[in-house]
Structures are given as C-alpha cells and as structure tokens.
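Q: Put together the whole structure using the sequences plus the hints.
Chains as they are written, first to last, in full-length UniProt numbering: chain A, 1 to 297; chain B, 1 to 297; chain C, 1 to 297; chain D, 1 to 297.
Misleading hints may appear alongside valid ones.
No distinction is drawn between identical chains; accordingly, a pair holds when it is met within one copy or between any pair of copies.
Heads up, simulated DSS-like pairs for lysine-lysine below, C-alpha to C-alpha not over 27 Å straight-line [said to hold, decoys possible]: (1) K223 with K276; (2) K229 with K276; (3) K114 with K34; (4) K214 with K120; (5) K83 with K262.
In case anyone wonders, no lab produced these hints; they're calculated from the structure.
Protein chains: 4
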Amino acid sequence: MEINGVEIEDTFAEAFGIQVSRILVTAATKKLAKIAATEATGYGTSVIGCPAEAGIDCYVPPEETPDGRPGYMIMICNMSKKKLDHELLERVGMCLLTAATTAAFDALDDADEKLNVGFKLKFFGDGFEKELNIDGRTVYSVPIMSGDFLVEGEFGIKSGIAGGNFFIMGDSQSSALIAAEAAVDAIGAVEGAITPFPGGVVASGSKVGSNKYKFLGASTNEKMCVTLKNEVEDSDIPADVNGVYEIVIDGASEEAVKEAMKVGITAATKVPGVLKISAGNFGGNLGTCNIKLHEIF
Amino acid sequence: MEINGVEIEDTFAEAFGIQVSRILVTAATKKLAKIAATEATGYGTSVIGCPAEAGIDCYVPPEETPDGRPGYMIMICNMSKKKLDHELLERVGMCLLTAATTAAFDALDDADEKLNVGFKLKFFGDGFEKELNIDGRTVYSVPIMSGDFLVEGEFGIKSGIAGGNFFIMGDSQSSALIAAEAAVDAIGAVEGAITPFPGGVVASGSKVGSNKYKFLGASTNEKMCVTLKNEVEDSDIPADVNGVYEIVIDGASEEAVKEAMKVGITAATKVPGVLKISAGNFGGNLGTCNIKLHEIF
Amino acid sequence: MEINGVEIEDTFAEAFGIQVSRILVTAATKKLAKIAATEATGYGTSVIGCPAEAGIDCYVPPEETPDGRPGYMIMICNMSKKKLDHELLERVGMCLLTAATTAAFDALDDADEKLNVGFKLKFFGDGFEKELNIDGRTVYSVPIMSGDFLVEGEFGIKSGIAGGNFFIMGDSQSSALIAAEAAVDAIGAVEGAITPFPGGVVASGSKVGSNKYKFLGASTNEKMCVTLKNEVEDSDIPADVNGVYEIVIDGASEEAVKEAMKVGITAATKVPGVLKISAGNFGGNLGTCNIKLHEIF
Amino acid sequence: MEINGVEIEDTFAEAFGIQVSRILVTAATKKLAKIAATEATGYGTSVIGCPAEAGIDCYVPPEETPDGRPGYMIMICNMSKKKLDHELLERVGMCLLTAATTAAFDALDDADEKLNVGFKLKFFGDGFEKELNIDGRTVYSVPIMSGDFLVEGEFGIKSGIAGGNFFIMGDSQSSALIAAEAAVDAIGAVEGAITPFPGGVVASGSKVGSNKYKFLGASTNEKMCVTLKNEVEDSDIPADVNGVYEIVIDGASEEAVKEAMKVGITAATKVPGVLKISAGNFGGNLGTCNIKLHEIF
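A: As structure tokens, this is what we get:
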C-alpha cells in the first residue's frame with residue numbers, strides 16, 4: 001500500500017491501555033497559558049522512566065473557554081489510577097497554581113470516574129477559598145499571592161490508549177526529522193491525542209530486555225538503528241534508509257489515536273526523501289489494541 | 001533604599017542548600033536543543049511537590065560547545081544526592097536521549113563529586129556503544145534509532161543554593177507580571193542561575209503549616225495575597241499594591257544567586273507601576289544563607 | 001453599557017475602504033510556514049508610512065490545505081489596486097518564493113477581481129516552469145535552487161475594511177498591554193481579520209495635522225497621551241487611567257471587522273485593571289463605515 | 001579543502017557595497033523587543049525587490065543597554081543613502097514608535113556619517129517632545145498614547161558589505177535545510193552580521209537576465225536547481241546532491257561577513273548528509289569584494 005507514493009508497510013502498532021485525564025489551562029494571554037501548560041506536561045515522555053506521559057493537546061480560543069480567556073488543553077496519563085491522582089495533584093498544584101494568571105478546568109468527555117484534585121487543592125486557601133459555580137461546574141477560588149487561582153473540583157479520568165505509533169524512514173536523518181515534525185503538526189489538529197515525546201518526536205527505539213546486559217529491562221533495538229544497519233546481521237533498516245524517527249501517540253480513545261496516526265502518516269509522506277512508513281509492535285500479544293496501518297486509511 | 005525610584009525593603013531572602021548539576025544539551029539546531037532542554041526541565045518548579053527543581057540556564061552558540069553545535073545549559077537540582085542521581089538518569093535518559101539529534105555534556109565547574117549517569121546510560125546500547133574521547137572528556141556513543149546519542153560518562157554535582165528570591169509589588173497585577181518577566185529576562189544573562197517556576201515567575205506564596213487545616217504542611221500566605229489585603233487583619237500588602245509576583249532563583253553558587261537577584265531587581269524596577277521590592281524568609285533560622293537585599297547592590 | 005463590568009463608551013470606530021488580498025502560505029512544517037508568513041507581512045503596519053498593511057490571519061492544519069501541508073493565511077492590503085499588485089508581486093516573489101519549502105495559494109472568497117501575480121512570477125522559471133492543475137486551481141511550478149516553488153496563477157482582491165479599532169484604557173500601562181494581548185489572541189480566531197501593528201498592538205495614536213509644526217500631516221494625539229493627561233487642558237484620559245493601547249483591525253469584510261472588535265473587546269475586559277473601552281474616529285465623515293461599539297454586542 | 005569531512009569548493013563569494021545602519025531596540029521585556037524588531041525588519045530580504053535588506057543581529061541583555069531594558073540589535077541596509085534615510089524614518093516611525101514600550105538607540109560603531117532620523121521623528125510630539133541626555137546620547141522623548149517613546153536623535157550609517165554567501169549542498173533537501181538552520185544559528189553569535197532572508201535561509205538562486213524571456217532582469221539559475229539536474233546539460237548539481245540552500249549575509253564590515261561565513265560553514269558541515277559547500281559569484285568583476293572560501297579558515 002502506498003500513500004503519496006510512499007510505501008506503508010503491512011504491519012501494526014501495538015498499543016496499551018492507560019488512564020487519561022484532560023485539563024483546560026486558561027490564562028490572561030495565550031502565551032501565559034502556553035508557559036503553564038508546557039511546565040505541567042514536561043518530564044512526561046514515557047512512564048517507563050517518567051512519572052507520567054503528558055502533552056499539550058490543542059489551543060482553545062477565548063470565546064470557547066468557560067472563563068473567556070485563551071487556553072490550552074493538556075493531557076496527563078498514567079497506567080495506575082493512584083499514580084495519576086498523585087501526578088494530577090502535583091502537576092496542577094506545583095505547575096499551574098504557581099503559574100501567572102492561570103485557571104484549570106476539567107475537559108474530559110465521557111469520564112469513567114472523577115478524581116477530586118481541585119477539592120484537595122482548595123485547602124491550600126487555608127479557609128479563604130471560595131466555592132463557585134461556573135456554567136454548572138463546581139470550581140474553587142483559592143487566594144494566592146498574585147490574585148485568585150480557579151480550579152475545578154473534580155477532574156475526570158478514563159481508559160485511553162498509549163503507545164499508538166509509526167516509524168518514518170527517510171533517505172537522510174534530516175528528511176525523517178522534518179517529516180516527523182510535519183506529522184506532529186498534523187496530529188496537533190486531532191482532538192484528544194498527544195505526542196508526549198520531546199517536540200512530539202522519538203529518536204530512539206527499544207526492545208524488551210538486552211542480549212548482553214542481563215540486568216537491563218530494555219535496551220536499544222539494534223535492528224532499527226540506522227548507524228548499525230551494516231553491522232547487525234538482520235537489520236530492519238532498508239539499504240537506502242539513513243534516518244528513522246518514531247511518532248508515539250497517546251489518546252483519549254482508540255479513534256483519536258487512529259485519526260492521529262492517519263493524518264500524521266499522510267503529512268509525513270509529503271516530505272521529499274521519506275521512503276517508508278512502518279510501526280512498532282511486540283508480536284501482538286502484549287498490548288490491548290493492535291492498529292493495522294493499512295486499515296486506518 | 002531605592003533603585004530607580006522604587007523602594008527596596010530592608011529585609012532578606014532566606015535560601016537553602018541544594019545539590020546542583022549543570023548539563024549542556026546540544027543538537028543539530030538551536031530549536032531542537034531548546035525542545036529537548038524544555039522537556040528535560042519540565043515539572044521542576046519546587047521539590048516540595050516536583051521530583052526536581054530544574055530550568056534552562058543559558059544558550060551556548062555552536063563555536064563554544066564541545067561538538068560545535070548549538071546548545072542550552074540546563075540545571076537539575078535536588079536536596080538529596082540519591083534523588084538527584086535518579087532524576088539525572090531519568091531526565092537525561094527519557095528526555096534527552098529520546099530527543100532528536102541531541103547530545104549531553106557535563107557543564108559544572110568545581111564539582112564536589114561526580115555521578116556516573118552517562119556510564120549507566122551507555123548500557124542501553126546493548127554492546128554496540130562506544131567510548132570516545134572528546135576534548136579530554138570520556139563520552140559514550142550509544143546507537144539509537146535515528147543515529148548515535150552522545151553522553152558524557154560522568155556528571156558533576158555540587159552544593160548550591162535554592163530559594164534565592166524577591167517579591168515584586170505593583171500597582172496592578174499586570175505591572176508586577178511584566179516586571180517579573182523583565183527580571184527573568186535579566187537573570188537569563190547570569191551564568192549558573194535558573195528561575196525554575198513556570199516562565200520563571202511565581203504566582204503563589206506559602207507559609208509553613210495552616211491555621212485552619214491541621215493536616216496541611218503548607219498553605220497560602222494570606223498576608224501576601226492581594227485579594228485578601230482588606231480581609232485579613234495584618235496584611236503585608238500596601239494599600240496601593242494590587243499585584244505581587246515572586247522570582248525564585250536556584251544557583252550553582254551564592255554569588256550567582258546574588259548576581260541574579262541584583263540584575264533581576266534592577267530590571268523589575270524599570271517597569272512603570274512597580275512600587276516596592278521585598279523578599280521572603282522564615283525568620284532566618286531555617287535556611288543556610290540569608291541574602292540581605294540592601295547588601296547585594 | 002458595560003461588558004464584564006467594564007464601561008464601553010458610546011462612540012464609534014471610523015473605518016475606511018481598502019483593497020484586500022488573502023494568501024495561504026504552506027510549507028513542509030508549521031514553523032517554516034510561519035517564518036515565511038512573518039517575513040512577507042513585515043513592515044506592514046499602516047499605509048501612512050508602510051508600503052502595505054499586512055498580517056497573519058490564522059493557521060491552517062495540513063488536512064485542510066490544497067497541498068496537504070501546514071499553512072498560514074496572510075492578508076496584504078493597500079488602498080490602491082496598483083500598489084497592491086506591486087506589493088503582492090514583491091512580497092510573494094521576495095519573501096515566499098525565497099523561503100524554504102513554501103507554496104502560495106489564493107485564499108480569498110468572493111473576490112472582486114483577480115491579479116495575475118503567479119502568472120508573472122512563473123517567468124522566473126526561464127522556460128523550466130510548468131503549469132499544474134491542483135483541485136481546479138491553475139498553479140505554476142517554478143524550479144528554484146532547493147526544489148520547486150508552487151504559486152497559484154491568480155490572486156483575488158476585494159474591497160475590504162481598514163482601521164476598525166478600539167482603545168483599551170487601564171489603571172496601568174501593563175494592564176492595558178496585557179489586555180491588548182488578550183484581545184489580539186481572541187481576534188486570532190476570527191477568519192478574515194488581521195491586526196497589522198507589531199504584535200497586533202498599537203502604542204501610539206495620531207491626529208490629523210499638527211498644532212505646532214505646520215509641515216506635518218499627522219502628529220501625536222495629545223489628548224489621548226497618558227503622560228500628558230495633567231499637562232493638556234482637555235485630555236481624554238480619565239484620572240485613574242495610566243495606560244492606553246489601541247487595537248487596529250483590517251478585515252476582508254465589515255462583518256469580520258465587527259466580529260473581531262466584539263471578541264477583542266470582550267477578551268480585553270477580562271483582564272484586571274481594564275477600566276474603559278473606547279474607539280477612534282474623525283467625526284464620522286471621513287471613513288466609509290462607522291462601527292458603533294454598542295451595536296456590535 | 002575539507003571541513004569536518006565536507007568538501008569546501010575552491011571558489012569565492014562575490015559581495016557588494018551597501019549602506020548599513022544598526023539600531024538597538026529595547027522594550028519592557030525581551031519578547032516585546034523581539035516583536036518590534038521583527039516587524040521593523042520584515043519585507044527586507046533583498047533590495048532587488050524589497051525596500052531594504054534588514055534583519056536581527058543579536059540579543060542584548062538589560063544590563064548592557066542604555067536604558068537597562070532587554071533589547072535586540074537590528075540592521076537596516078540599502079545601496080542608496082537617500083533610500084536608507086527613508087527606510088529608517090518609516091521603519092522606526094511605523095514599526096518601532098508604534099510598538100508597545102519600545103525605545104530606539106543608535107548602535108553603529110565607526111559611522112561614516114549620521115542621519116537625523118530621531119530628530120525628524122520628534123516632531124510627531126507636536127511640541128510636547130523633550131530632549132534628554134542619556135549616557136552622552138541626545139535622545140528625544142516623544143509622548144505617545146501609551147507612554148513616551150525614546151528615540152536617539154541621530155543614527156549612524158557606514159559602508160558595509162551585502163551578499164556575502166555560501167551554498168550548502170546536501171544528499172536531501174532536508175539535510176541542506178537543517179544545515180542551513182545550523183549555519184544561521186552560528187551566525188547569530190557574530191556581531192554586525194545579519195542573514196536577511198526568511199529564517200536566514202535562501203531557497204532560490206538567480207542568474208542575471210533570462211535565456212528565454214528577454215524582458216526579465218533576473219531568472220532562476222537553472223544550473224543550480226536540484227530538480228533540473230538531469231534536465232539541463234551543464235548542471236552544477238553533483239549527482240548525489242538533492243537539496244541546496246544558500247545563506248546570504250550582510251555585514252557592517254568585511255570582517256564580520258567573513259567571520260559569519262566561517263562559523264556558518266563550520267556549523268553546516270556538522271549536519272549529517274551535507275556533501276559540499278560552495279559560494280556564488282558573477283565572475284568577480286561585478287562586486288566590491290571577493291571572499292575566497294579557502295581563505296577564511
């Protein structure tokens with residue numbers, strides 16, 4: 001199968017279940033909202049080593065937010081509800097409450113359950129906090145040094161999908177990289193999907209365990225390393241490929257992840273020098289959902 | 001005392017000891033280095049709730065880096081050496097190694113000791129890693145999907161200073177906020193100092209414990225809240241002040257923190273509507289160093 | 001009349017007719033498209049002194065552009081069709097054709113007429129240019145050093161509106177400035193409207209002619225200068241106002257300008273310290289359309 | 001000759017004389033200064049079609065500016081002194097005076113002569129302007145709506161160099177593009193040098209006249225077009241090259257241009273896939289200075 005003349009390998013992305021939250025961060029200006037959203041979603045590439053997977057979903061203009069100010073949707077995810085509860089408390093409390101002019105609203109449709117993050121944070125007000133009702137939402141107003149921080153009482157969480165992915169193979173490292181940026185740009189327009197790695201792009205790939213170091217849980221996937229293509233016997237890197245980047249997607253639903261993969265792959269194939277699109281899986285028995293590349297188009 | 005016609009209160013900032021690391025992140029372009037540096041220093045405002053205090057120190061042009069590529073200096077800090085070791089391993093491994101085209105070099109002068117972060121990360125190469133010598137540094141080249149990730153074997157750490165600070169009081173919330181941005185801009189030119197909160201600016205202030213909720217370790221400092229100035233009896237907010245923001249500084253040395261406070265305060269006083277500069281302390285017996293505002297000028 | 005507790009003066013903005021073009025600039029990535037769009041719309045605040053009025057209208061994700069790449073809508077305007085023709089030729093030829101990976105498509109609905117800008121630019125190909133048909137558009141492919149530049153043969157122009165405006169008066173310069181940024185953020189979501197001044201914000205206001213220097217066509221409007229409010233006899237600055245910024249809007253239609261004024265004013269009134277909204281006019285007999293502030297809500 | 005393993009062709013860049021000005025734009029914050037500097041230097045790629053060649057030279061931190069606020073150095077250039085005078089008046093008057101919180105200072109060392117740009121602009125104050133002395137500079141304070149605009153009375157100009165250049169040839173369009181970005185990043189650290197094209201990168205190359213269309217003064221240099229390498233007989237594009245970008249440099253001195261070429265080329269050669277560096281000339285008899293690539297290292 002080809003898209004824009006680029007081969008789409010007949011394979012699948014193996015994705016996993018994850019608990020997802022979605023928060024709208026508003027502020028006085030778009031720039032201030034972005035600063036807060038960026039801090040709150042940092043150090044959030046993969047739960048293998050980070051305390052959460054997190055990213056900015058999309059921008060929301062002032063007319064469409066509960067408080068009439070510009071905002072960014074962010075998503076914070078973890079496999080464990082308990083850890084997600086902790087992360088929400090700390091990321092909202094340390095990175096949004098402390099940021100200039102911000103407010104935080106629940107923005108998850110169809111939540112499976114609610115975590116009372118804002119209710120817990122209101123106690124920071126030491127009795128000076130107030131309960132408000134904004135458009136039917138219970139919101140707490142917590143006095144802080146610079147003004148009042150508004151935070152919704154409850155944040156919804158639901159079962160979502162982590163690890164939707166595809167590989168972009170290019171004739172050079174730079175071709176694959178610019179195509180990866182184009183893919184991230186396209187996924188930016190898909191609601192409910194984030195690309196949690198730095199700039200949305202993943203430079204490294206892992207395999208489970210290690211052949212040489214038995215104490216390791218994961219190590220480089222040498223068959224997918226461009227600089228090893230002539231060194232390892234059974235490299236998966238085609239001869240004309242000199243650059244590979246991966247896009248990893250977390251989504252509030254399988255549909256959001258599939259849509260993100262579709263528009264991301266399509267955008268990537270528009271960049272000259274992109275030779276092939278593939279995807280990562282572990283044989284299909286580990287993950288909760290296998291997304292076949294050929295079936296999303 | 002006055003600077004540019006603005007009153008500098010005769011008080012002091014109470015700062016604390018912290019373990020500091022400083023890493024140079026280089027990449028193919030300035031923009032790519034910034035993306036990686038931002039991810040690696042996110043979720044890093046205060047160790048009260050974040051796993052580290054972290055931020056970008058300064059930009060370094062290509063001619064001045066070990067690999068001739070543009071880079072950003074970042075600082076990652078924690079009270080505990082053990083926790084800092086963990087944070088370095090995860091933030092470098094999950095946020096720099098995974099970022100496009102990056103390399104990571106030790107950039108701390110006068111280290112007290114070295115942590116073998118890069119040595120540990122090299123095992124990810126599963127035997128395909130190589131040891132290089134770059135300008136006398138031991139650097140590991142780890143093959144990853146998109147190319148090779150270079151990481152220095154050891155990263156220095158040293159006793160530094162956390163919690164250098166000052167308050168900017170303005171006639172409006174916006175005056176204090178723009179002055180805070182100007183202060184952060186000025187501190188950007190001080191080597192070895194970061195402002196770890198979102199955008200470098202702190203919107204909230206705490207007191208130890210809580211008057212109302214006994215289970216809390218910290219709560220809002222109601223005496224410093226502008227919206228409570230007519231509500232609490234002994235407010236510290238002058239009648240004409242309607243906005244307060246704090247700048248918090250972590251530094252590799254007391255000198256760097258003092259210099260940052262000096263240039264930051266000076267820049268803040270240039271903004272119309274700034275009425276007073278103060279600083280935060282706990283009486284002077286908790287911290288490791290008390291920095292008197294009047295003595296840094 | 002009040003919006004969010006802020007007084008909206010019972011006055012009107014006096015706007016003028018202008019010839020408007022609207023171009024979609026696409027590129028390999030969102031960032032590259034932004035770079036080209038910014039260069040092409042620079043030096044374009046007011047035709048009083050600039051060769052055009054120009055700005056970025058909005059971002060368009062890859063799925064919604066003719067070539068499946070991310071893009072920005074830009075608008076370039078001039079009172080004179082002949083001058084607009086010249087500006088289109090030079091701004092597209094010097095700032096888009098020369099920019100990395102770009103293409104330029106006509107994006108004006110309901111054009112009054114068409115200018116054959118792309119047809120003229122195709123000759124740069126010196127015989128190597130090709131005529132393509134993309135979704136029914138006649139597009140020229142011009143070989144340049146780095147690849148092929150695609151440009152639509154004809155760009156539509158129409159009678160639009162220049163000089164839609166409102167003033168934001170704040171208790172401090174910074175309050176008015178942050179409110180102005182919020183207004184620009186809100187207007188960013190209105191299709192067919194740009195705010196051509198630097199960052200969308202106007203720091204200065206003019207009156208026709210000069211009282212002191214007879215050779216001047218325009219001079220500062222001293223009645224609207226905050227630093228002169230106690231110096232001139234009949235200042236229009238209320239006693240409690242210390243900052244005024246203006247938002248100037250050009251639009252493809254009167255409706256777009258009115259919508260921009262509405263959402264911009266609404267967003268501005270959300271910022272603490274904003275005291276009053278007004279608008280600029282010359283008595284109502286100079287412009288082609290008078291937009292009453294009270295009638296747009 | 002090779003730099004970092006990349007062939008540097010034994011050729012030269014043919015550069016031209018140009019009149020150069022250099023202005024320091026300060027503002028309340030770094031971001032506000034950048035907005036003004038960007039507007040004032042837009043539509044300024046080449047005097048072939050733009051009214052000036054212009055760009056941002058470098059950032060200057062608050063401690064190093066005359067008014068203690070963050071600033072950007074910009075350069076505005078034109079072959080003709082008269083046109084440069086006009087451009088300075090309009091770009092400063094329409095793009096800096098109108099921008100929020102800005103001031104404009106002369107920043108050219110060793111000026112050949114002075115243009116009284118600020119003296120002319122002061123009349124906008126209609127008699128309310130004041131003459132100040134800041135660090136020995138004559139500066140006018142002009143009351144505008146939002147406060148006072150400071151502008152130095154005279155701006156220096158001098159004979160500088162336009163059209164310093166080099167070509168980056170890569171195995172793919174993307175390799176050459178990322179290398180071009182790296183080159184621009186490196187040149188950013190050279191004082192007195194700008195890269196006036198969009199993002200500093202030039203996607204197109206011209207030859208004098210046209211083979212097919214006699215009415216053209218310039219047309220595409222088909223021998224340097226990658227998509228024509230198999231179509232034209234005597235292409236200058238090596239068989240393995242699929243992307244070419246040019247960096248064009250304007251400088252306040254020949255030394256600045258040479259230094260910019262040196263650090264730019266060095267940075268470009270660090271990007272994987274860069275195969276060759278060349279430069280553009282017209283035989284050597286047209287320009288005022290021929291810069292041999294092999295002599296700058």
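Q: Decide, hint by hint, whether the structure agrees.
A: Each hint, compared with the structure:
1. K223 with K276: So K223 and K276 pass the 27 Å test inside one copy only (16 Å; across, 30 Å).
2. K229 with K276: The answer is both: 16 Å in one copy and 25 Å across copies each meet 27 Å.
3. K114 with K34: Answer is within: at 25 Å inside a copy they meet the 27 Å cutoff, but 35 Å across does not.
4. K214 with K120: So K214 and K120 pass the 27 Å test across copies only (14 Å; inside, 43 Å).
5. K83 with K262: neither (31 Å within a copy, 41 Å between copies)
Going through the hint list in order, the structure does not satisfy hint 5, though it satisfies all others.
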